[in-house]
Structure formats: structure tokens, C-alpha cells
Amino acid sequence: MDTFFSDWYYLSIRNIKLIWRPLMALLPPFFMPIFFFAVNSLSLSALAKVPGFPDVSYKDFIAPVAMFTAIFFSAGNAGIELVQDIQSGYFKKLIIMPINRLAIVLAKLTEVAVQALGQGLVMLILLLLWGVHFKTGFLGILTIFAILVIFAMAWSCISMIFALRTQNARLVQSMFILVFPLLYLTTSQAPKSLLPHTFGVITSYNPVTYIIEGIRTLTINGWGGPDVGYAFLAAGGMFVVFVIITMLSFRKALK
Amino acid sequence: MGSKNTSIIQVKNLTKTYPGGTEAVRGITFSVKDGEFYGFLGPNGAGKTTTINMLVNLVKKTSGSVIIDGLKLEDNLDEIYKRVGFAMQEVGLDEVATAREMMQLHGRLYHMSKTDIDTQVAKLLKLVELEKVADKFTSTYSGGMRRRFDLALSLIHKPKILFLDEPTQGLDPHARQLIWAHLRQLNKEGMTIFLTTHFMDEAQELCDRIEIMDKGKIVTEGSPEELMKKHNAKNMEEVFLKTTGSNLGNEEVNANAPDPFTRSRQRG
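The listed protein sequences correspond, in order, to chains A and B. The first sequence begins at 18 in this note's numbering and counts up one residue at a time. The second sequence begins at 2 in this note's numbering and counts up one residue at a time.
Source of the hints: derived by calculation from the structure; they are not laboratory data. Any given hint could be a false lead.
One-sided and incomplete, this derived list gives chain A residues near chain B with beta-carbon spacing under 8 Å [to be verified]:
(1) Leu-35
(2) Asp-72
(3) Gln-206
Covered stretches of chain B (in silico footprint by chain A; criterion: 3 or more residues with CB under 8 Å from a CB of chain A, positions within the stretch not fixed) [as the list claims (entries may be wrong)]:
(4) 6 to 20
(5) 54 to 62
(6) 110 to 122
(7) 233 to 246
Where a beta carbon is used, it is the ideal one built from N, C-alpha and C, also for glycine.
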């Protein structure tokens, strides 16, 4: 057991270094969320005056989406890094060491969690500078981070499953396209009450909707209501399911 | 120092049949003595890489038994991994780590003490003459430096047995000579070395004993001198040509066999 934790720790340190190596790799995940936040909050600000829209600025309304998107775009990198390790032969080196296989997967998830925290923090600072107000204060922000980190790990598991099943960087990279339907078939741009009925029904089947709604509630409404619980359920449910599938894919790859 | 009377690797009736029916390895039996420099030769597609991968369980054997240092392979993997080092055909380095970082990480993953790691890192970097670039990213290394570093990395935990899968592939004569010198030194210090190679001069130069494999079977075995005498040949290349056929067809078949991690073409 001692060696399990030390394996996990040292592999995590190695993986965490991948976040800023090369340094330039830190920038792209911020570009899209900042771009969309800036464009949407400026061009769609009139939406906040439409009857049925919550009594907040459009900027505050979509701020949670910006935080979520920053993490969404980068969490998939775990799969790409895994494919790179597989294709270079480095993964084989790990496999023929006396280390716990679970530590390899957990170290990847640790990297994702650290990256999500770091990127979330940068986005938070940018949003605060932009004048976004978080109604639930420090505790609410901590809760938002908890939801985001769980989701980031779940999403990274999906990319690792792709990586282990296909062992092909292009296919894993192409997973990026899933981000858009998952992000836009939600209430990210407007409240459900203002969406066409069919679109509203579709959003209710998308787990990302519940995560965004949970974060949004903490940002603009407060602690009341079930939305925060649903967000944890959606992110946690995805995490449990996809960690299990990742471990099964890992075992299959080893066979 | 190993005792050259005891077998450190014992392989009996080892076979590998890939899904689809390709028989890459067909019931081979051999043993390697402790401290021996053992050469495993064969044309492309002969089954060398599959065999060496089976010896460290990177490829699951279909049948047969493998005993490494007295331990049955499938029951003692972690213990065996502590005792073997493996420099593979693909030099799998962490491109965004420095050589020193990689060695330190591997030392930690072999659960060595910090003092031990520091001593080994200094010793091995000196051995492969990479001290000056130890703190540079491995992505900046030339092919020869990468091979030498990979060799050093496979030695970090002081293995008893070193598996080398074509360690001088793609290197210029200077780099090859340098690797040969390192390998001779390691063997002299008592390490058992299991080498697969395409280069007959390399095998003749380094190995105490050689087995030649063709189409999944061992076709001849002995010291370089014995083999040359037995096959009435001037050198190992002639022995090789006399004992093996063109394997292009076989190579084609093996190329369809899946590699568990790289899905690269099967070689050797």
C-alpha cells in the first residue's frame, strides 16, 4: 500500500509537469472561453432584458459557462498525452515496472484535477476583474471548483478511454468535436424557460446542463434549490461510470 | 558476479499465436546462463521481438513456460520487473522531461532510496557520457544520445538481467562502438545480457552464445566459433544466410499481428 501511494505521487508529479511543458500549451485552453465570454457578454447583453430572464446581467449569467469551458477544452488532453506515451513506447516502460496500474490512471486524474484548479483560478480572476459577481462568495466558489474538478476528471476519463481503445492521436483529438454539442445543447446561452420546447427537452438529457445550472445557481442565485445537488450528481455519476470504463479499457489494453 | 553454470532464463515450449492464427513463435526452448551475453538473432519477422516481449510479459504467451531468475513469469511479475531492465526497439522517452528527471522518476518507481538514486544517476550518466546534457529535455537529443540514455535508464535499478531489442538500430559506427563498450563493461561486471540484433558483426563481437531463429523456430545454437565451424562459414553473416531463408512472406504475416501498445508493425 505504501508503494501504491508513492507510485501515485511520483507519477502525478511527472504528469503535472506536462501541464506547463511547453509553456505555450497553457494559453490555448483560455482563448475560446475568453473569446466566447467577451463576444457573448457584449453582443447578447440585451437578452437579459427579455421577460423571463433572471434578474441578473447577461455577463453574470454566462460567467459559469466561461469557467466550465476553460476546463472542458483542456481536460481532453489527458487522452492525447496518453496516446503520445503509448506511441512513443514510454507507456511500455511504465508497464514493465513494479508499479500499481491503478496509480497510473490516478496520476493522470490528479494531473487533470490540478490543471482544472489552475485554469479555473485564472478564469475566476479574469471574471472578477471583468466585474462578475459570485453571489455565494468564497464557499460558493469552492463548491464551483469541486463540481468543475469532478467533471474535468470524468471528461478526461472519456478521452483516456478513446486513447486506450484506439491508440490513435488523431481519433482522440477528434473527440474535441463532442465538446460543442455537449456545451451548446444546454442552457448555457439562455434559461430553459426561453428555449424552444424541443430544445429544452434535449437539454434535460444532457448531463452538462445540470453542471452548468449548478454552477450558475451558485453564481447568481445562492444556495437554495436542488441545482447544486444535481450538478454534483451529474458530475459524480459521470466520474464513477467513466473511471470504471477507463480501468476496464486499461485492463483490456494490457491483455 | 553471476555464476555461468546456473540458468537465469529458462524457456520451454514457448509459443505465440496471434488472433487470426499467425504463429509468431512455435514452441521454442532455450536457456540463458547467469552472467552470459546471449544473442538472439533472426531475419525480420522471425519472432525475435515477440519472444523478447513475451519474456517480460509485454506480449502474453499462448503456451509454454518462462522462468526468470528462478521465478515463474506469470506468478511473479513485479518481482521479475525488479530484476530485469529492458531497452526496447522504440526508445520511449518522455520528451518533455530531462534525462536526470526521468532517471530520478524511474528510481522512485523502482522504490529506491534517494541516496541510491543519486548514486546510480551519476554513475550511469557518466557511463553513457551524457553528464553534460543531463538537464536538457530528451527531445533535444540525437538518435545516438537517445539510445545511450535509454540504455542508462534501463539500468537505473541495477537489474540482474538486461534485455536489449536491437539497441544499435539506426546508429552510426561511432555510436555503435560506444554502446558496445558499455555493454561489454556491464557484462564484465556480471550482468546477464539478452540481445536481439540484425547485425551479425555485433553478435559475433559481443555474444558468448547465439541462437538463430527463423519463422518462429530456433534453427541453430552455439558460440560464434562453434556456429562458424558447424556451418562451415567464415563469419556469422554467412552462418545467418545459411541457416535462414528469406522471411519477407513471414514478415508480411507478422506485420498484421497487433502490438498491444503501439499497434506498430511487428519486427524481428
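Hint check results:
1. Leu-35: It holds, given that the least Cβ distance between Leu-35 of chain A and chain B is near 6 Å, below 8 Å.
2. Asp-72: Since the shortest Cβ distance to chain B is 48 Å, the answer is violated.
3. Gln-206: violated, 37 Å
4. 6 to 20: That given contact is violated, which follows from only 0 residues of the segment 6 to 20 of chain B lying within Cβ reach (below 8 Å) of chain A.
5. 54 to 62: Contact hint for the segment 54 to 62 of chain B vs chain A: holds, 4 residues under 8 Å.
6. 110 to 122: holds (count 3)
7. 233 to 246: Violated - the segment 233 to 246 of chain B has 0 residues with a Cβ nearer than 8 Å to chain A, which falls short of three.
Taken one by one, the earlier hints fail for this structure at numbers 2, 3, 4, 7, listed in ascending order.
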